[in-house]
Each structure stands twice: as C-alpha cells, then as structure tokens.
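Assemble the whole structure, with the sequences as input and the hints as a guide.
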Amino acid sequence: MVAITFIEYNGTAHQVEGPEGATAMETAVRNGVPGIVAECGGACACATCHVYVDEAWVEKVGEPSEMEEGMLDFATDVRPNSRLSCQIKLTAALDGLVLNIPETQG
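Per the numbering used here, residue 10 is the first one in the sequence shown, and the count goes up by one each step.
Incorrect hints may have been included.
Listed next, with one range per pair, are the computed distances between beta-carbon atoms [unchecked claim]:
1. 12 <-> 68: 15 to 25 angstroms
2. 105 <-> 17: 14 to 24 angstroms
3. 10 <-> 85: 25 to 35 angstroms
4. 82 <-> 10: 31 to 41 angstroms
5. 43 <-> 63: 11 to 21 angstroms
6. 19 <-> 75: 24 to 34 angstroms
No lab work stands behind these hints: they were computed from the structure.
All values derive from a computational prediction rather than experimental measurement.
Yeah, the Cβ is synthetic: ideal placement off N, Cα and C, and Gly gets one too.
What follows is the structure in structure tokens.
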C-alpha cells in the first residue's frame, strides 16, 4: 500500500492508503477525502480532481502529459505544481506523497 496525505485548503489533513497501480484520485474517492470531486471518474476529461503536489514530491511525481496540461486550463488557480490526481499513478516510490487540495475545483 502507498500512503498519501491530502491536505484540504483549511489545513485539515487526511492520511489514506491505496494500492500500487491505483491513482491518487481513486484513492481519495475511496477514502472519502473532501474536495476531490472527480466528476469524470478519472478519464482526464475534467479538472475536478486538481491538486498541488508538495514541493518535496514534484520531481518524483513527474510532469503532466500534454493532455493533462490541456485539462488543467479548466482548473482554478493553476500553479507550477498543479496536477490532476487522476493522472498520478501510485508506486512504491510515491509512498508518503503529500497533495494539497485547492479551495475550489474547476
């Protein structure tokens, strides 16, 4: 299992675990993490699972694909460390990942 900490805009932290191969979005939804809406169910067809990758994890998570960058155009308050959590696949290297949830979703 891969541990992830989702931090809401108000600072409330949610520590959850998901299996390798799952996405951060799937893990958030399965664990009832507030603020991850996931309207498209993980198809990279919306921006309602937008997160900010903690600076310590940006390199390990990697860059967004061209398709993901296009969908981030629909997100609110996009930053250099913005990602769609449906596009972050969990691996052992991401154990301990920290993701911040924006105040609102696109």
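Status of each hint after checking the structure:
{"no.": "1", "hint": "12 <-> 68: 15 to 25 angstroms", "verdict": "holds (18 angstroms)"}
{"no.": "2", "hint": "105 <-> 17: 14 to 24 angstroms", "verdict": "holds (18 angstroms)"}
{"no.": "3", "hint": "10 <-> 85: 25 to 35 angstroms", "verdict": "holds (31 angstroms)"}
{"no.": "4", "hint": "82 <-> 10: 31 to 41 angstroms", "verdict": "holds (33 angstroms)"}
{"no.": "5", "hint": "43 <-> 63: 11 to 21 angstroms", "verdict": "holds (18 angstroms)"}
{"no.": "6", "hint": "19 <-> 75: 24 to 34 angstroms", "verdict": "holds (33 angstroms)"}
Violated hints for the displayed structure: none, as all numbered hints are satisfied.
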